Amino acid sequence: MVDTLDLGSSAVRCESSSLSFRTKQKNGNMLVGLFALLVFLVLGEAIQSWIAIPVPSSIIGMILLLTIIILRNKTPKNIEIAANKLSPLLPLFIIPISAGLITQADIIQQHGFKFLVILTISLIPGVLITALILKIGSKIEKKPEGK
Amino acid sequence: MLVTILQQPTTWLTITLGAYLLGLSIYQKLNHASWLPPVLSGFVLVTFLLWATDTPYSTYEQGGQLLSFFLGPVVVGLAVPLFYHIHKMKKQFVTILIAITVGSLTTVGVAMALAHYWIGIDVITTTMASKSVTTPVAVAITEQTGGITALAAAFVMVTGIIGAAFIPSLLKTFKLDSPQITGISLGVCAHAVGTSRAIELGQEHAAYSAMAMTLTATLHAVLLPWLI
Numbered sequence: 001m002v003d004t005l006d007l008g009s010s011a012v013r014c015e016s017s018s019l020s021f022r023t024k025q026k027n028g029n030m031l032v033g034l035f036a037l038l039v040f041l042v043l044g045e046a047i048q049s050w051i052a053i054p055v056p057s058s059i060i061g062m063i064l065l066l067t068i069i070i071l072r073n074k075t076p077k078n079i080e081i082a083a084n085k086l087s088p089l090l091p092l093f094i095i096p097i098s099a100g101l102i103t104q105a106d107i108i109q110q111h112g113f114k115f116l117v118i119l120t121i122s123l124i125p126g127v128l129i130t131a132l133i134l135k136i137g138s139k140i141e142k143k144p145e146g147k
Numbered sequence: 001m002l003v004t005i006l007q008q009p010t011t012w013l014t015i016t017l018g019a020y021l022l023g024l025s026i027y028q029k030l031n032h033a034s035w036l037p038p039v040l041s042g043f044v045l046v047t048f049l050l051w052a053t054d055t056p057y058s059t060y061e062q063g064g065q066l067l068s069f070f071l072g073p074v075v076v077g078l079a080v081p082l083f084y085h086i087h088k089m090k091k092q093f094v095t096i097l098i099a100i101t102v103g104s105l106t107t108v109g110v111a112m113a114l115a116h117y118w119i120g121i122d123v124i125t126t127t128m129a130s131k132s133v134t135t136p137v138a139v140a141i142t143e144q145t146g147g148i149t150a151l152a153a154a155f156v157m158v159t160g161i162i163g164a165a166f167i168p169s170l171l172k173t174f175k176l177d178s179p180q181i182t183g184i185s186l187g188v189c190a191h192a193v194g195t196s197r198a199i200e201l202g203q204e205h206a207a208y209s210a211m212a213m214t215l216t217a218t219l220h221a222v223l224l225p226w227l228i
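Residue numbers (this note's numbering), protein chains in the order written: chain E, 1 to 147; chain G, 1 to 228.
In case anyone wonders, no lab produced these hints; they're calculated from the structure. All values derive from a computational prediction rather than experimental measurement. Cβ coordinates follow ideal geometry from the N, Cα and C atoms, glycine included. Mixed in with the good hints, there may be bad ones.
Pairs of lysine to any residue, SDA-like flavour, derived with a Cα cap of 25 Å [as the list claims (entries may be wrong)]: (1) E:85 - E:31; (2) E:139 - G:89; (3) E:114 - G:121; (4) E:77 - E:36; (5) G:88 - G:222; (6) E:139 - G:88; (7) E:77 - E:88; (8) E:77 - E:90; (9) E:74 - G:219; (10) E:77 - G:85; (11) G:172 - G:32; (12) E:85 - G:28; (13) G:91 - E:64; (14) E:135 - G:172; (15) E:135 - G:169.
Label pairs and their calculated CB-CB ranges [said to hold, decoys possible]: (16) E:117 - G:7: 35 to 41 Å; (17) G:94 - E:72: 22 to 28 Å; (18) E:31 - G:87: 23 to 29 Å; (19) G:204 - E:124: 20 to 26 Å.
Take these sequences, add in the hints, and give me the full structure.
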């Protein structure tokens, strides 16, 4: 019932403007893209359990996809659309895991302040070292061009 | 009746979506304030409701895991921006890669050392390791290394908020700020929250930050599980 209603309304939209027709097509592609991302995720899981490496399966899937994209030298449109639609929703996907903090109330109460101090202090050397390497690197890169 | 409704996974899924939407609209009203990202306000709202209704997290999780499921495909999809950035920054790529590797491992190393000597609980030290990568990857790494995922997500969030707030001024104090340096530092140390700060600073900042964030995440996901 809902499906037919939806089809009907999108058909009306298709007729009313070509723009919404294009949107409709994009939605179709997005599902293909999501399917492809899931296939890579499953492949990542298979490889992980097969050769037993400690790298997260989603990262293995990502590296597989990246390899294929580099070999083709082009991102498949469907995958690009799915990735671009999913990534802005990331905060929503993270909330349930963050809410698990409620089970860690003891640790937070005991060490919360230390966590804040550690997280703040550890940023400083990281930032400065990154910045210095980049500065030195860009000087080395510029030299051959100047000569 | 209320008690029955609060046992339903659908209810908590709906509440989470509602909390996110509310958080998003607050974020937009506050002009994209980096100290209150939708994930933080959403988290506060959901946690408050769980606490107020005395609902066990395991009940909530049945609804919540429908959303967590999407973290997998999101991580796989990171290949898309990564390819784009590698392609675009071929020339400076080696310098950038060295800076990102050394810089990000420094901040993680310092954090782990501090946690080890100051707190001394192994599971916390392990969880500290993923503090500088974007949350979906941090969660994946923590699952792999046997840390506490919820705590990892919290470390990541706090790091991002602190980093986004003070990295640009820290670099300015040392006269090290440029679109490239500020962008990359934000991406390396403050991941997605830093990148949203970089977007405010300019397009060049944003591109560098997004690239640094994705590279750091990939690198750490591959390296850390072996090192810990």
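Structure-based check of all given hints:
| no. | hint | verdict |
| --- | --- | --- |
| 1 | E:85 - E:31 | 11 Å, holds |
| 2 | E:139 - G:89 | 17 Å, holds |
| 3 | E:114 - G:121 | 12 Å, holds |
| 4 | E:77 - E:36 | 11 Å, holds |
| 5 | G:88 - G:222 | 23 Å, holds |
| 6 | E:139 - G:88 | 20 Å, holds |
| 7 | E:77 - E:88 | 18 Å, holds |
| 8 | E:77 - E:90 | 21 Å, holds |
| 9 | E:74 - G:219 | 22 Å, holds |
| 10 | E:77 - G:85 | 17 Å, holds |
| 11 | G:172 - G:32 | 22 Å, holds |
| 12 | E:85 - G:28 | 19 Å, holds |
| 13 | G:91 - E:64 | 24 Å, holds |
| 14 | E:135 - G:172 | 14 Å, holds |
| 15 | E:135 - G:169 | 17 Å, holds |
| 16 | E:117 - G:7: 35 to 41 Å | 40 Å, holds |
| 17 | G:94 - E:72: 22 to 28 Å | 24 Å, holds |
| 18 | E:31 - G:87: 23 to 29 Å | 27 Å, holds |
| 19 | G:204 - E:124: 20 to 26 Å | 24 Å, holds |
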